[in-house]
Amino acid sequence: MLTLDDRMMPAPGVVTRENDGELIVVIPQRGRFIVLNGTGANIFKLLDGRMTLAQVARHLAETYNVPLERTQQDVLNFATNLYQRGALQMVPLAA
Amino acid sequence: MNFVLQIAHLAMAIEGPEPWVAPLAEVWKEWRGADASFQLTLIADAEPPVTPRPLFQVPFTFTAGVCRQEAPGFVGSIDPVNRQGVLRAHPQAGAEDAAYFVRAACALTALQEGALLFHATAVVHREEAYAFFGLSGSGKTTVARLSRPRPVLNDDLVLLYQQEGRWRVHATPFGLRRHPEVMSAPLRAFLRLRQALEDRLAPLSSTLARVELLANSPVVNADPLRLPQLMALWDRILTEVPAYALYFRKSPDFWEVMDAHFG
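Respectively, the protein sequence lines represent chains S and H. For the record, in the first sequence the residue sitting at position 78 is 78 according to the working numbering, with numbers rising by one throughout. For the record, in the second sequence the residue sitting at position 33 is 33 according to the working numbering, with numbers rising by one throughout.
These are computed hints drawn from the structure, not numbers from a lab.
Some residues of chain H that are not near chain S, with every Cβ distance over 12 Å (derived):
{"hint": "1", "residue": "Glu-18"}
{"hint": "2", "residue": "Gln-84"}
{"hint": "3", "residue": "Leu-146"}
Distance windows between CB atoms, simulated:
{"hint": "4", "chain 1": "S", "residue 1": "Leu-93", "chain 2": "H", "residue 2": "Pro-91", "range": "48 to 54 Å"}
{"hint": "5", "chain 1": "H", "residue 1": "Glu-113", "chain 2": "S", "residue 2": "Arg-32", "range": "25 to 31 Å"}
{"hint": "6", "chain 1": "H", "residue 1": "Ala-260", "chain 2": "S", "residue 2": "Leu-68", "range": "52 to 58 Å"}
{"hint": "7", "chain 1": "S", "residue 1": "Pro-12", "chain 2": "H", "residue 2": "Ala-260", "range": "45 to 51 Å"}
{"hint": "8", "chain 1": "H", "residue 1": "Val-257", "chain 2": "S", "residue 2": "Asp-20", "range": "24 to 30 Å"}
{"hint": "9", "chain 1": "S", "residue 1": "Arg-32", "chain 2": "H", "residue 2": "Val-81", "range": "25 to 31 Å"}
{"hint": "10", "chain 1": "S", "residue 1": "Gly-49", "chain 2": "H", "residue 2": "Gly-263", "range": "48 to 54 Å"}
Keep in mind it's a predicted model, so treat the numbers as computed, not measured. By construction, the Cβ of each residue, glycine as well, lies at the ideal position given by its N, Cα and C atoms.
Using the sequences provided together with the hints, build the complete structure.
In structure tokens, the structure reads:
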């Protein structure tokens, strides 16, 4: 189970492509194809392993002027969903 | 035993034991070619344990562009850059396993040559081809049946290849056909099948079209290194060929909707 302290990044082999403001995420090893809308695409691009999920949520809350608590839950749900589908992996703590 | 399989410009020499190659040569005789630059070698090898399952159930893995299929009873590799592939299989493997390996090699070779093996039913109507695609169970075989007496280039896999500035659909031996004398036709449109209670055409969003077409590009869509090339190729095709969603009932009437739209 993910927490806001986790840092996430695209899983190995995942390929993305922007198209018409959406992001196509391909997970070739699992034969899965995910389409993210503009909001999802923005979150996904922030998940590059540098920020914790809490930092990503804070960045989004400040950028879009939305409540932090709700953004934290949205980011956590988003990351958990894509983690379970194989699009994201956790960054090891030592990294 | 040797057999050269030729689909449009793709030619592949298949060498292997007669029990595997002879049935394929018979079924694929309309695609017999002469010269091939790609060599596929099938080797019967009793060393691996008896095959426990069909080869089509064995997933593809990729290392530096080389495709591998490995499971008890099978060790296969396909290297499209160096134009060779080898399948070692237990003698109890069947010609259908060899055929599946050949299909995978065709998919990889096609992309290498700027073409695509595509999961679709392609029907020729008024001298143009319509490529109906969708998930398993979406109705590809049904559409082929409902489209009688129109020629069906294939009800499972077709080859897309650009010739003289236009994308064409070529028949392949990897599925059922109707009117085998028709081997190819210019591609008019992609139709994503959706079974419904009415017949109608609807726009397919640019992103959804790309995702669905990618999902129906077998073998090559499993290689992270090839995906950018594959995506770029679909981008190029979609600038020239429109994609729609076709809602259809299990009736030939959807062709009236098609005619009203495409003329």
